[in-house]
Amino acid sequence: MFEIIQNVKNLSIGFRSKKGEEILILKNISTNIKKGETVGIVGESGSGKSTLALAMMGYVKHGLYTIGGKCEFNSSNLLTMNSRELEKIRGRKIAMIPQNAGQALTPNLKIGYQIDEALQLHSNLNKQQRDEKISELLNKVRLPSPDTIALRYPHELSGGQQQRVAVAMALAGKPDLLLLDEPTTGLDVTTQAHVLELLKFIAKDTGTSMVYVSHDLGAIAQVSDRIIVMYSGEIVLEGPSRSILKKPIHPYTFGLLKSIPKLSLAGLPESMPGSQPQPGSISRGCSFYDRCNFSSDKCKNNSPDLEYLEDLKTSIKCFNYKNLMNDNEVNQNVKKINTNSQDKEILTLSEVSISYAKQKLLDQVFNKITDDNPTVKDININIKKGETIALVGESGSGKSTILKSIAGLLRTKDGIITFDQNRQLPSDLKLRNPNELRIIQLIFQNPDESLNPNHTVEEIISQPLKLYFGLKGEELKKNIIELLEKVRLGEFYMSRYPRQLSGGEKQRVAVARAFAAKPDIILCDEVTSALDVSVQAAVLNLLQQLKEDFGTTYIFVSHDLAVVRAISDRVAVLYQGRLCEVGPSKDVYQFPSHPYTEVLLGAVLEPDPDIKPKLVAEDIVEEKPPKKGCSFQGRCSRIVGDICKNEIPPWQLTTSGNSIRCHIPLKELQKAQII
Amino acid sequence: MLFLIIKRILLGLITLFIVSLITFVGTEILPGDACTTYLERQAFGEQLEACYNRLGLNVPAYERYVSWALNAIQGDFGYSLSGEMPIKDVLGPKIKNSLVLASAAILIGIPIALILGIVTALWRDRLPDVAISTVTIFAMTIPEFISATLLILIVAIWLEWLPGIVIVPTDVTFFELLPNIILPVIAIAMIMTAHMARMVRSSVIQVMASDYVQMAILKGVPYWKMVFKHVLPNALLPAINVVALTIAWLLGGVVVTEVVFNYPGLGRLVIESISNRDLPVVQALALILASIYVSINLLADLMTLMLNPRLKTLQIRK
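So the protein sequences, as listed, match chains A and B.
So in my numbering the end of the first sequence lands on 850, straight run, no missing numbers.
So in my numbering the end of the second sequence lands on 534, straight run, no missing numbers.
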C-alpha cells in the first residue's frame, strides 16, 4: 500500500462574522494524500477548495483561522508550526503552483533569480551548480532557450510561459507534494492542454504527489487518479476518478456533469437550478437540499454523513445515492436548439480591417489609419437574421476586436459594416444615431465589472428603457418587471445592488439590460467564461430561450469550443485576426477542417478520463500576424511548401457549405492528422 | 528610453517657459510698476522718465520679456527695487538658508516616514500600527503655522531649550545656523513625514496582499528576506512619485514656517517682496520655485522609469 504523506484530520477553518458568530468555510474535512498519486479537488467557486489546498501547506489566509483539526505532513501538524519550521517545509517538501502565474511572480525580480531563490533555500548547491540547475529546470518545463529566459522579467513572457516558470520554481526544491491551484484556468485551450500534459509527465517522472484544485472537470479528468468533490465547505464525494466521472452517484456531480456541454453533442446541456449556499446560511439538513432533484424529507433536517462504499472505493455524503446507482449513465438530455435563422441578412461585414497602430501626426490630421499589417484583416461575414454565429480563436485572434468594431467602440481601418442589407453603420460611435446604437447591444464577460455597483437592478435596467423609449413612471416599472421575469428573476430583485447577487444572477441582469433596448443584434463577449459550469448551462439556456422569443441575432465570442458547439448555428474560426474557416457548426466540428480548427478541437478537455486531448501544434505565441502568406504558417504542422509563406490561401467550399481557407486540397484535409 | 528622458526634460522646460510668461504678464497687468513704486509721490515728469530710462522700462513689453528671460537663464534677474542691489546677491544666501532647512527636513523626514510606513504596514492592526497611525493622522491634520507656534510655546518659552525665533544675519555659516533650525525643521518635517508614512503604509499593505507575496511565503522565503526582496521594491516604486509631490508641496510649508520663525530664507523673502511690491524679486522667486517643483517631479519620473523593469523594457521594445 502507498505511504500517506499528507493527512487531513477533522479540519475546520472559518472566520468570525461582524456579529461575532463563527462561520465555517471548511467543515470537518478528513482526507489524505498518498505518495505518488494525483488527487483532484473539484467544486464551484466558494466551495472551499482553495482554502483546503492552502491549509495543506499550513497557510491560512488573512482573516481566517483554524477552528479545529489538523493537517499532518509526515506526521507533524502544519497548522501549529511556527514560521521558522514552516519555511523548512514550504518549497522543499510541499510546493505550490499558483492560479495566475502572471501575478504570482514578483514583477521586479528576474525569472532566474526567482528560481535561484528557491534553490538557495532548499539545496546546498554552489553558484555554478545552481545556474546549471536553473537551465535544467527551465528545460524540463519545455521553455525555449532557458538561458535567455532566466534573464527576463516576468512581464516579458506569455501566460503559458509564466505558468511554466511557476512549475519550474515549484520543482526547484524537489518537493514530495505539489499543490496546484487552478493552474490552467487563465490560459488558452491549446496552452492549457500543453501545460496539463507537462504536469502529467512531471508527476510520472519525479514520482511527486499532486493535489490539483480546479472547477474544471475536464482538466481534473485528465490528470487525477482520485477526485474529491467539495460543496459548501464539505467533502460530498471522494473516490477513483474514473468511477466518479463515469458513474456519478452523488446528485451534485450528476447535475454538474450534465451541465457541461460536450463536443460530441450539439445542443444545450441541462442546467442545475440554484446556487451554492452562502457560508453560515445553512444551519441544518443537507447543504445541497435546495438544488437536489433526488431529495427526500429526511434530507431537509438531517445532514448525511460521509459513508464509505467498499465495492466502489468511494465515500459519499448522501442519503439517496442508491437511486442514482441504478440510473447512473449520464444520458445527457440535451435540448436541441431550434434554429430560426432566416435568409435575410441582418449584418454584413465586408473587407473589414482593424488596426491598433498609433496614428501618426499627419494621419491624425487627415483622419485616416495607415498600417500595412493590421491586427484584423479581410473579414467578410454575412450574418443572417435570427442566427447565432460564434467567433472562436485563442487570445489575440481578434475575436473581441471585431465585436468592438461592430459595436462602434473601435474604428475600422477599412471595410464596411452594413445593417439590414442597406444601412451602412458609421465606423465611429459618435456618428451613429440613437436607433443605430439601439439595434446593437453588448453583454460582457464579467458582470462584476459591467454593472455599476452603485446602481440598483431597477436603475440598471431602466437606463436603456429611458434612453431609447423615453418610458416613465408606471410604464417603466412594468417594463422592468417584465424583463426581470423574462430572465427568471422576480420583481423583488429590483431594489437590490449587484453585490447582493450571485454571479449567475448578475449575468442575468446584464442580459435583461441588453434586451431592454429591444435590439436586433446582441454581441456576447465570453458571457459564460466567468461563471461556474452549472450556472453557465442556465445562462446558455436562457439566452437560447430569449432568442427564440424575440428573434434576436447573436454574435457569440468564446474560446470554449464546447460552449460554442452547444449554442451556435454557425462558427467562424479566427487566427491572428484572419478568418480560417466559416461554416455551419455541425460541419466545422467535423472533417475536413482547417489545420487550426483541428488544433483547437484537439485541445478541448472532456470530463472523461478516457478521452485524451490531441496536441497537434506547439503553443507558440506569435506577436504579430505574418506580413504575407497564410496567417497560420508559423504554427501549422501541415505546411505544404513555400506557397503557404507567400500566398494568402484561397477559400475552398465543401459540399456542406463550409468554407476553409487553406492551400491543402479538401480531400487531403478530410483525413485527420495522425501524430 | 533616451528619447523619453529628453521628452520629459523638454516638457519641463516648456512648463517653466509658461510660468515665466504668466509671472511676467501678471506683473505687467498690475497697476503701477517698479518706478511708480520706487518714486512714490515723486512719480511724475522728468524723474519718472529718468527712472524708466535707467531701468529700461521704456521699451515694449515683449522686448523686455526677451531680455529679462535671456538674463534669467544666465542667473541674472536684474535689480531689486528696495535695496537697489542685484537680485542674485539678495537671493544667494537666502537660497542657501532655505536649502539647508528643506534638505534637513527631507533627510530626516524621508527615512522616518519609510520606517514608520513599513512598520505600520507589517504590524497592521496591531499595537505598533494603531499607535503610530493615530499619531501620524493627528500630525497630518495640523497645519505648519499651528505646530510651529506650539513648538515655540513649549520648547522655547516653557522649557527654554532652544531659541524661539531666529535672529541671525543672513550670511551666517552653516554651523552657526544649526541650533536655530531645529524647531523649524521639526515643524516642516512633521506634516510631510506623516503624509509620506501613510502613503508608504497603504502601498506596502497592497503589495503584501498580492499573489506574488503569498507565493514567496509558500516558497519558503524567510520573512525578512521576503520583505526586502519581494515587498519593498514593489511597494516603494509608486511611493517615489508621492514623495516627490510631498517635497514639492513642502515648499509651501517652508514659506509659512520661515515667517513664523523669522528665518532668513526664501520664504520670508517671498512674503517681504510681495508686501513691498518688489516685483522683479517676486518674478525671480516665482521662476526659481517653479524650477524646483519641475525638477523634483522630473527626477521622480526618471527614477520610476529606471527602477521599474516593466516601463524600462516597454520603452526599449517600442
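Treat the hints as calculated values from the structure; they're not laboratory data.
You may find that some hints are simply not true.
Said to hold, decoys possible - As a list, the in silico DSS-like pairs of lysine-lysine whose alpha-carbon atoms are at most 25 Å apart: (1) A:285 - B:445; (2) B:445 - A:308; (3) A:379 - A:433; (4) A:263 - B:312; (5) B:223 - A:268; (6) B:441 - A:285; (7) A:349 - B:441; (8) B:441 - A:302; (9) A:787 - A:846; (10) B:223 - A:263; (11) A:605 - A:579; (12) A:209 - A:433; (13) A:184 - A:579; (14) A:236 - B:445; (15) A:761 - A:846; (16) A:349 - A:422; (17) A:475 - A:202; (18) A:519 - A:475; (19) A:379 - A:846; (20) A:193 - A:209; (21) A:641 - A:375; (22) B:304 - A:268; (23) A:236 - B:441; (24) B:223 - A:302; (25) A:209 - A:285; (26) B:441 - A:308; (27) A:497 - A:421; (28) A:349 - B:312; (29) A:559 - A:422.
What the hints assert, rightly or not - Below, a sample of chain A positions facing chain B; criterion: calculated Cβ distance under 7 Å: (30) 266; (31) 273; (32) 280; (33) 293; (34) 295; (35) 296; (36) 300.
To be verified - Here are a few chain B residues that sit away from chain A, every Cβ distance over 10 Å (derived from the structure): (37) 271; (38) 286; (39) 347; (40) 372.
Computed from a predicted structure; not experimentally measured.
Using N, Cα and C, we set each Cβ at its ideal position, and we do this for glycine too.
Okay, the hints, checked on the actual structure:
For the suggested pair residue 285 of chain A and residue 445 of chain B, the alpha carbons sit about 12 Å apart, so the restraint of at most 25 Å is met. The hinted pair formed by residue 445 of chain B and residue 308 of chain A meets the criterion: a straight-line CA distance of about 22 Å does not exceed 25 Å. Restraint check: the Cα-Cα separation between residue 379 of chain A and residue 433 of chain A comes to about 31 Å, which exceeds 25 Å; the hinted pair is violated. Taken as a hint, the residue 263 of chain A and residue 312 of chain B pair is broken in the structure, with Cα atoms around 55 Å apart against an allowance of 25 Å.
Between residue 223 of chain B and residue 268 of chain A the CA atoms are separated by roughly 51 Å; this puts the pair beyond 25 Å, and the hint is violated. A C-alpha spacing of about 16 Å is found between residue 441 of chain B and residue 285 of chain A, which places the hinted pair at or below 25 Å, so the restraint holds. Restraint check for residue 349 of chain A and residue 441 of chain B: the C-alpha separation of about 21 Å stays at or below 25 Å, so the hint holds. Taking the CA atoms of residue 441 of chain B and residue 302 of chain A, the gap is about 19 Å. The hint holds against a cut of 25 Å.
With a C-alpha separation of about 19 Å, the suggested pairing of residue 787 of chain A with residue 846 of chain A holds against the 25 Å cut-off. Between the alpha carbons of residue 223 of chain B and residue 263 of chain A the distance comes to roughly 50 Å, so the proposed pair goes past 25 Å and is violated. Proposed proximity of residue 605 of chain A and residue 579 of chain A is supported: the alpha carbons are some 14 Å apart, at most 25 Å. Between residue 209 of chain A and residue 433 of chain A the CA atoms are separated by roughly 30 Å; this puts the pair beyond 25 Å, and the hint is violated.
Taking the CA atoms of residue 184 of chain A and residue 579 of chain A, the gap is near 52 Å; set against the 25 Å cutoff, the hint is violated. Between residue 236 of chain A and residue 445 of chain B, the direct Cα distance comes to roughly 21 Å. Compliance with the 25 Å bound is thereby established for this hinted pair. For a cut-off of 25 Å, the pair hint linking residue 761 of chain A to residue 846 of chain A stands: about 17 Å separates their Cα positions. Distance check on the hinted pair: residue 349 of chain A and residue 422 of chain A sit about 36 Å apart at the alpha-carbon level, beyond 25 Å; violated.
The straight-line distance between the Cα atoms of residue 475 of chain A and residue 202 of chain A is roughly 18 Å, inside the 25 Å bound, and the hint therefore holds. Distance hint between residue 519 of chain A and residue 475 of chain A is unfulfilled; the C-alpha atoms sit about 53 Å from each other, more than 25 Å. Our distance criterion of 25 Å between C-alpha atoms is broken by residue 379 of chain A and residue 846 of chain A, whose separation comes to about 33 Å. As the CA atoms of residue 193 of chain A and residue 209 of chain A are separated by approximately 39 Å, the hinted pair breaks the 25 Å bound.
For a cut-off of 25 Å, the pair hint linking residue 641 of chain A to residue 375 of chain A is broken: about 55 Å separates their Cα positions. A C-alpha spacing of about 70 Å is found between residue 304 of chain B and residue 268 of chain A, which places the hinted pair above 25 Å, so the restraint is violated. At most 25 Å may separate the alpha-carbon atoms for a hinted pair to count; residue 236 of chain A and residue 441 of chain B meet this at roughly 20 Å. Simply put, residue 223 of chain B and residue 302 of chain A have alpha-carbon atoms about 42 Å apart, too far for the 25 Å limit, and the pair is violated.
Between the alpha carbons of residue 209 of chain A and residue 285 of chain A the distance comes to roughly 35 Å, so the proposed pair goes past 25 Å and is violated. Restraint check for residue 441 of chain B and residue 308 of chain A: satisfied, since their Cα atoms lie roughly 22 Å apart, inside the 25 Å limit. Taking the CA atoms of residue 497 of chain A and residue 421 of chain A, the gap is about 16 Å. The hint holds against a cut of 25 Å. At roughly 61 Å between alpha-carbon atoms, residue 349 of chain A and residue 312 of chain B are farther apart than 25 Å, so this suggested pair is violated.
Pair hint residue 559 of chain A plus residue 422 of chain A does not hold up; C-alpha atoms about 42 Å apart against a cutoff of 25 Å. Of the supplied interface hints, the one on residue 266 of chain A holds, with its beta-carbon coming within about 3 Å of a beta-carbon of chain B, less than 7 Å. For residue 273 of chain A, the suggested interface contact is upheld, since its CB lies about 6 Å from the closest CB of chain B, less than 7 Å. The beta carbon of residue 280 of chain A comes within 6 Å of a beta carbon in chain B, closer than 7 Å, and the hint placing it at the interface holds.
Given the 7 Å rule on beta carbons, the hint for residue 293 of chain A holds: about 6 Å separates it from the nearest Cβ of chain B. Taking 7 Å as the C-beta contact cut-off toward chain B, the hint placing residue 295 of chain A at the interface is violated, the least distance being around 10 Å. The interface hint given for residue 296 of chain A holds, since its Cβ lies 5 Å from the closest Cβ of chain B, which is under the 7 Å cut-off. The criterion of a C-beta within 7 Å of any C-beta in chain B is not met by residue 300 of chain A, whose closest approach is roughly 16 Å, and the hint is violated.
No beta-carbon of chain A comes within 10 Å of the beta-carbon of residue 271 of chain B; the shortest separation is about 44 Å. No Cβ of chain A comes within 10 Å of the Cβ of residue 286 of chain B; the nearest lies about 31 Å off, and the non-interface call holds. Listed as a non-interface residue, residue 347 of chain B keeps its Cβ farther than 10 Å from every Cβ of chain A; the least gap is roughly 21 Å. With 10 Å as the threshold on Cβ separation, the claim that residue 372 of chain B sits away from chain A holds: the shortest Cβ distance comes to roughly 46 Å.
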